[in-house]
Amino acid sequence: MGLVSNWIVLVTRNTRMQGLKQRWGTANQADFLLDAAVDHEVERRRKSRAKKGISINDDDVDAMIASASALTDRDAYEEEDQRYQAAVRTVLRDLSGLGFPVREIDRSYLPNFDFGRCVAVVVLGQDGLVANVAKYVGDLPVIGVNPDPSQYDGILLPFQINEARAAIQRVLKQRHRVDKVTLAEVNTISGQRMLAFNDFFVGCKSHTSARYTLDVQHSREAQSSSGVLISTGAGATGWMSSIFNMAAGVSRFAGGGQIRPLTIDRKDRQLMWTVREPFVSRHSGAEHVMGILNDEDELVIGSQMPTEGVIFSDGVEDDFIEFNSGNIATFTVSPQQARLVVG
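So the number in this note's numbering is just where the residue sits in the sequence shown, counting from 1, plus 14.
Hints are all accurate, no fakes.
FRET-style restraints, in silico, Cβ to Cβ:
#1 260 with 112: 45 to 51 Å
#2 204 with 267: 39 to 45 Å
#3 271 with 222: 29 to 35 Å
#4 163 with 279: 22 to 28 Å
#5 294 with 28: 40 to 46 Å
#6 294 with 21: 53 to 59 Å
#7 107 with 305: 47 to 53 Å
#8 301 with 272: 19 to 25 Å
#9 28 with 295: 42 to 48 Å
Think about it this way: if two alpha-carbon atoms lie no more than 20 Å apart in a straight line, the pair counts; the simulated EDC-like pairs of lysine to aspartate or glutamate are:
#10 281 with 309
#11 194 with 282
#12 194 with 279
#13 219 with 332
#14 219 with 336
#15 281 with 311
#16 187 with 153
#17 281 with 193
#18 187 with 177
#19 219 with 331
#20 194 with 141
#21 219 with 322
#22 187 with 108
#23 281 with 199
#24 219 with 291
#25 194 with 153
#26 281 with 141
#27 194 with 309
#28 194 with 310
#29 219 with 333
#30 281 with 312
#31 281 with 310
#32 281 with 153
These are computed hints drawn from the structure, not numbers from a lab. Even glycine gets a Cβ: it sits at the ideal position worked out from N, Cα and C.
Turn these sequences into a full structure, and let the hints guide you.
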């Protein structure tokens, strides 16, 4: 019998309850810590009301316990975990018998997993998991499956659990439809490369100011800020939108005109970049704080941070490029595109 050389990959993630169990060792210990959090919050509220001279009866205590319990979201953790594990079992069962073995991997293995032998990738999780997966899989089609439509909007999750098998069958028969999504790319002079589905962050790992030079459109400026954000069209409604929200609020307070967010479509071969909280001094300027990169444009950033300089993508801080003094990073629209299955 010959060896099967290819497989279908199912990417999953830990639930919040699984994360607690991993951190504290056992389910009982996780339960104990959630109970302790409730007790602490109830006691804090007791003391607060006592200081104000407000009497407390049994009904008040019951209400405080209910309210504090809601803060820990204990029941929600358990229900979410049960629903997700049931979804994983269902999808694994439905993907079997299609001619390829199914390999389940956790999201934590994505940076080091070899997708070269995969025929397709199924993602079961939140929209953010699809974004994380898409930048690691090359030209492979990515099938986003929504494990819990009551909880997740599923912008990048077009398929329900019971549709996963049919979706993968269309992919295997080359009868599927895809949306091609523009990715951002960074290359450093130290030889490192990284992709972003939503955005890149360039800055300091701590809350200290990031110092660097910024080159764009044949103009260079030394800057000091809380970091630079480079966004794709897919990410323009995420972190980048908060920049416009802040600018609009400042403008209203200062009596300025209305500011509307700029958006680009996730298929557009463009990126948007901005400097967060630029500080002007004798050694740093703020002339270049926002712009658009077209297909052939480059944004070049040279680090002047002795330590703790980083570049990471899509909010995954653990998977980062060290970006300390002497390193130079070039950001561009990537020739690689994510291929999201939509039908």
